[in-house]
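In our numbering, the protein residues as written are 1 to 525.
The reader is advised that the hints may include incorrect statements.
Here are the simulated DSSO-like cross-link-like pairs (lysine-lysine), alpha carbons at most 30 Å apart as the crow flies [as the list claims (entries may be wrong)]:
1. K372 - K37
2. K492 - K93
3. K101 - K81
Label-pair restraints from in silico Cβ distances [said to hold, decoys possible]:
4. G204 - A275: 17 to 23 Å
5. R138 - Q244: 24 to 30 Å
6. K37 - E97: 52 to 58 Å
7. Q244 - D47: 16 to 22 Å
8. K37 - A329: 32 to 38 Å
9. E7 - A58: 52 to 58 Å
Worth flagging that the hints you see were computed from the coordinates, not collected in a lab.
Just so you know, even glycine gets a beta-carbon here, dropped at the ideal spot from N, CA and C.
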Amino acid sequence: MGLRVHEKVAQIVREEMDSIGGQEFLLPAMHPASLWKQSGRWEVMGDDMFRLQDRGGADLALGMTHEEVFSHLATSLHSYKELPQLWYQIQTKFRDEQRPKSGLLRVREFAMKDSYSFDLEDTGLDRAFEAHHDAYVRIFERLGLDAMPVQASSGAMGGTASVEFMVASPAGEDDVLVCEACGYRANVERGTSRLDEVPDKDDGTTLERFPTPGVRSIADLAELESQASAVQQIKTMVMVLDGQLTLALLRGDHQLNLQKLQDSTGAIEIRPATAEETLETLGAAPGSLGAVGVEGIRVFADLALQGRFNMFTGANEDDWHLRGVSLEADVTVSEWVDLREVEAGEGCIDCGAQLAVIRCIEAGHIFKLGRKYAESMGISVLDADGKAQVPTMGSYGIGIGRAVAAIAENHHDEAGLVWPIAVAPFHMLITVLDPDDQSSMHIAEKAEAAFREAGLDVLVDDRDARPGVKFADAELVGVPFRLTIGTRNLEKGQLEFTPRLTGDTEMLTVDDGIEAALDSVLNTK
RNA sequence: CGGGGCGUGGCUCAGCCUGGUAGAGCGCUGCGUUCGGGACGCAGAGGUCGAAGGUUCAAAUCCUUUCGCCCCGACCA
């Protein structure tokens, strides 16, 4: 059953990729390390990549994505006349996930449709990106998934822009900012919001140390000092980026989003500093940390702090804090970046209406890669003037198994699954209540033949089981339509037709019931 | 990687604290009854208690080590 759904999803994806001019490939899943070293991602991918060695000791990788391999293939392109190209495959990817979970949602081995576009000009990339965008909208619509395109972080993929296709589900792993008023949609790893300006009072307070015994948190300080509400405080987070100690500054009531920190710093590995590292470097424990007077350490400050003054922060000595801190005058900020995670209820960046945060499954992701891989993998073609040009690329993915899981998450009820007809393992289930009854079986076979003739996938339940068991199983597996043949109704010349979705049974006559059922199914399809 | 939990018939679990006969429900096999919403009776099969070591007269139970799985935090289709 699962395999049939998987195959149907793959086929829908395939049809839509073909419709935008995609050319299907099937490239190796096992790659020589040299390709990944060439792009630099042998290191970047870190522990997420499965690695192995052949008998000669040569390094190999199991493909987690195929930018390198397709790019390498694209080095055989030599003329602008061969562009654009749009290549795709549906193939197994391997990722050594830190935590595989949730059935099919996050696994270490999964089928993915990945496609890659190659264009000479940026406008061509824009077209390929738009074409994928539209194809994805159609794919998810056909799959029965209410997927919304959202602005996203590009993460390890790099590139200039990316859009994720998100399906709302509590089983998901991403939070998406949604503005119902203007349609703004962005992953919290990327999205921002409108904040009310905080008027700092210029009351002549100057930079000053003051004792704060026992204060270990933003809340503690706010309680002790009436002026020091969380909004008036600077939160200092000590992070280690690729082994280098770094400070991230945020407004006291704001949360750090790690992906934003990663994106704005280009770091590969990020972790919070240990208590020992913090003590060693700043001389105080968390709760009394600050960036005032700190030299020789990179300091990234959130945009919400820009221009603020007369604020509170730790003095880098336990039980002491500072007041009257001006970001401009007292803190050496290496870079101003967007670091804070937006929360529900904040104002939409575009229109100011209240944002909602919705938990979603990431079903697809499309990237504008630009020339990053084309350059590192050495793709170049001659343009009309005979000059070498590096093409620009896009990369686009849909997880097939994850789509199946997302469909299951969104199409079920208490009794079981309710597959949308486009991906259902079978269109029609014929439930024969008494398989020993000759006339029942005769009609079942006739119906099966008629449905098959019409191109439908049919499953006949002629198991020797009690009716209750068959009905319960029928609902559990979620075949969209059921034709029930039982001796009791047969004597009255009747069949039953039941759509799984509504559960409303319609009585049909034996004479034209098969045709009528067929019509209903075909109309829905 | 950090924190928490769990490994006992095919499945879901009890038993462990307080050491002494390995149990339940479901599933499975046979026979009979039953047969339009997950039937019932009778009879039966099936377990190195994750693995290794230790303590003990005696270990599923206590101790140590180890492997595997699940859940919560940082990654991604």
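Hints versus structure:
In summary, the hint linking K372 to K37 is supported, as the alpha carbons are separated by about 14 Å, within the 30 Å threshold. Taking the CA atoms of K492 and K93, the gap is near 55 Å; set against the 30 Å cutoff, the hint is violated. The hinted pair formed by K101 and K81 fails the criterion: a straight-line CA distance of about 46 Å is larger than 30 Å. Between G204 and A275 the C-beta distance comes to about 37 Å, which lies outside the given range of 17 to 23 Å.
In this structure, R138 and Q244 break the distance hint of 24 to 30 Å, their C-beta atoms being roughly 45 Å apart. Judged by the Cβ atoms, the range 52 to 58 Å given for K37 and E97 is violated: they are separated by roughly 23 Å. Between Q244 and D47 the beta carbon distance is about 19 Å. The supplied range of 16 to 22 Å therefore holds. At about 47 Å, the CB distance of K37 to A329 disagrees with the hint of 32 to 38 Å.
Remark: the range hint 52 to 58 Å for E7 to A58 is contradicted by a beta-carbon distance near 35 Å.
Violated hints for the displayed structure, listed by number in ascending order: 2, 3, 4, 5, 6, 8 and 9.
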